[in-house]
Each structure stands twice: as structure tokens, then as C-alpha cells.
Amino acid sequence: MEKKNLDFCTVEPCASSNAFEIKFKSGKIDLNRVALGEVLAKTPAVLICKFEGKGISIYASGRIMIKGINKQEADKFSEEIVSSLRASGALE
Amino acid sequence: MKIPYEELFFRNRGTLSAKEQSKLKKARVAIVGLGGTGGFALENLVRVGVENFVLFDSDRFELSNSNRQLLCSIRMIDKWKTGAAARRLKGINPNVKVRTHVQAFDSNARSKISDCDFVLDCSDNIETRLAISSACSRLRIPFVFCSASFSRGMVSVFLPNKKFGSVFHFPSDNSKATFKTAPKSCSSVICPAPAISGTLAASQAINFLIGKPFVKAPEFIFFNLFSKELLWKKRI
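Protein sequences, first through last, are from chains A and B. Going letter by letter, the first sequence gives residues 361 to 452 in this note's numbering. Going letter by letter, the second sequence gives residues 12 to 247 in this note's numbering.
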């Protein structure tokens, strides 16, 4: 599985089997503005939520981990997540 | 406030001679990778009295590190591993001098370890391991290789005349083709494996620095926590 380069972020498979990571090339994520799925836990550094049945960890430094997905799902999810973060103003 | 070195390491006396303790105090070690094995290696070295460190890691802590990485706690999530390691070192011995590099170890990093006496390869990928081997070989610095996956691990010291690639039968230390054929790092590992691997790596570093016997590649220390034998030496 190859790393996908977008103009503002990369989507790449994790070393840990069926998980993908979205890394933003610049900017951080304001966790207080994230409005995505059901929030399971939140600290100043990370927000853990359930979105469309998938476990997602969003880090304030600008990384997002999506667990239990394949490459096709990763592309779909990354687009949805990034749009949601942009709409809510969470991308700084 | 400077805390006397002798007070901090009083309980080393009897196991280490004054001369050996002095060698450790003066030694400068580099640790590449501050995850599972690197965290435990670091902890052992600072607690034995090493005071000069050069640290490399390009990552921040994430939740999935919690199962095995000593330096990872909920408060440390999303923080740079190098920063967490430096704070840990200073918390144990405020006299420690530490240089941190938030970067992957590559050919550009060579000059940053040129004044080191020993290097600990606690990385998790072949590309970095080959870069460490190449740099150490050129600088004539010995390094210890350590790894852990599942319930297993292996450790050995590479002297400058022994190349990592030749021991593992890679075509050359810079062969990119090697990376494609090398097995991918495995995601599954339980805490005791990197704890033992990192601790053994630190013990081999200590032995080298104070002139005690150590295991040299191509001979390796192997362990498997789930096997009866637990620990053995084997030439590969």
C-alpha cells in the first residue's frame, strides 16, 4: 500500500496492520472544535472518537489515526474527516 | 543545585569499581530510537551513571505506544519522544548533559555522533539500521543492535569492522533493493520483550564501556519469553 500525497496532507498505512494515518503538512488541530462522530475520550493532546463505526484518534499536533480500515476506506474516510475538520474550523 | 554523583550512584559500589564508574560517567552514548527498546535502554544507562547522551527520534508519542514504551504516559501523548526522554534523564540525574535531535537517523546525522563512545541502535526499520551501521563503521564507533517483536528479541554488539548488512546477508549496506526484500516490522509486541531487549542492549553497552565481556556479531543473544529456554546465544 502506497502513501497518498495530497496538497495539504498525506494518507499512509501504519506499521500496525490495518490502520491508516493522515498527517497534515502544516498546521495543528483544535480539538475543541472537532465535531466528528461520538467522542469517547478527550485530553488536551488527543481526542478519541467513533465515526461510522471506526475508531479514530485525532492528535492536536496534526495527525489522525483511523483503525480497522483498508486502502479504499482510508481514501474515503480521509476526505470525509478533512472536510468535517475544515467545516468546523478545527484545522488551524 | 548540583547533586553529588557519588550520592546518586552509591549503590553501584561493589558491583562497579571506582574506575569503572568513572568510565561510565565520562562516556557519551547515542541512542537512536526512543520507543520500546530505546526507552528501557535509556533508563538503564542513566541509572548506572552515564551522564552524556545524544538522542535521536523523529516521532511524537501516540496512544498505541502505551502498551510497551516506558517514556509514554497519557500526559506525554502527542509530545516529542526526544523531549520526554530529556526530561526523564534530568529527572533522574540533573547533571546529565543531553543533545536531542528530532529527526530520523540518516547519513546527515553522522557528524552528530562523531564524539560518541558507543551507539545504541533501538530503531525499528532496516533503513535506519543500515544508516547507523554505515555511520558507525566510518566513525569507528561500536554499536549495539537490539530488536523486539511478539514475545521475542535479539541483541548483539557490532564492532566497527563488522557491517550490519554482511551479518544479515544483505547485498550491501546501502542497497535500496534490500529494503524491499527485508521483512516488514511487525506491529505486535508485548512490553516485556522491548524491556528485556533494551535492558540487554544497555548492559552490553555498559560492558563495552567498562571493558567487560560482551556478545559480538555475528553471535547474538536471543530470547523468547514464551519458551522454556528463555535466553540463548547463537551465531547467525
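Hints listed in this document are in silico derivations from the structure and should not be mistaken for laboratory results. Keep in mind that a hint or two might mislead.
To be verified - What follows is a set of in silico ranges between Cβ atoms, one per label pair, in the way DEER data are often shown: (1) A:Pro-404 / B:Val-113: 47 to 55 Å; (2) A:Glu-440 / B:Val-113: 26 to 34 Å; (3) A:Pro-404 / B:Asn-172: 44 to 52 Å; (4) B:Ser-84 / A:Glu-398: 20 to 28 Å; (5) B:Asn-235 / A:Glu-440: 53 to 61 Å; (6) B:Arg-22 / A:Glu-412: 15 to 23 Å; (7) B:Ser-177 / A:Glu-440: 33 to 41 Å; (8) B:Ser-177 / A:Ile-408: 19 to 27 Å; (9) A:Ala-401 / B:Gly-222: 32 to 40 Å.
Virtual Cβ for every residue (Gly too), placed ideally from N, Cα, C.
Each hint, compared with the structure:
1. A:Pro-404 / B:Val-113: 47 to 55 Å: Once the Cβ atoms are compared, 20 Å apart, the range 47 to 55 Å for B:Val-113 and A:Pro-404 is violated.
2. A:Glu-440 / B:Val-113: 26 to 34 Å: Once the Cβ atoms are compared, 31 Å apart, the range 26 to 34 Å for B:Val-113 and A:Glu-440 holds.
3. A:Pro-404 / B:Asn-172: 44 to 52 Å: holds, 50 Å
4. B:Ser-84 / A:Glu-398: 20 to 28 Å: holds, 25 Å
5. B:Asn-235 / A:Glu-440: 53 to 61 Å: For A:Glu-440 against B:Asn-235, whose Cβ atoms are near 43 Å apart, the range 53 to 61 Å is violated.
6. B:Arg-22 / A:Glu-412: 15 to 23 Å: violated, 55 Å
7. B:Ser-177 / A:Glu-440: 33 to 41 Å: With Cβ atoms ~49 Å apart, the hint is violated.
8. B:Ser-177 / A:Ile-408: 19 to 27 Å: violated, 45 Å
9. A:Ala-401 / B:Gly-222: 32 to 40 Å: violated, 50 Å
Hints 1, 5, 6, 7, 8 and 9 from the list above are not met by this structure, while the remaining hints are.
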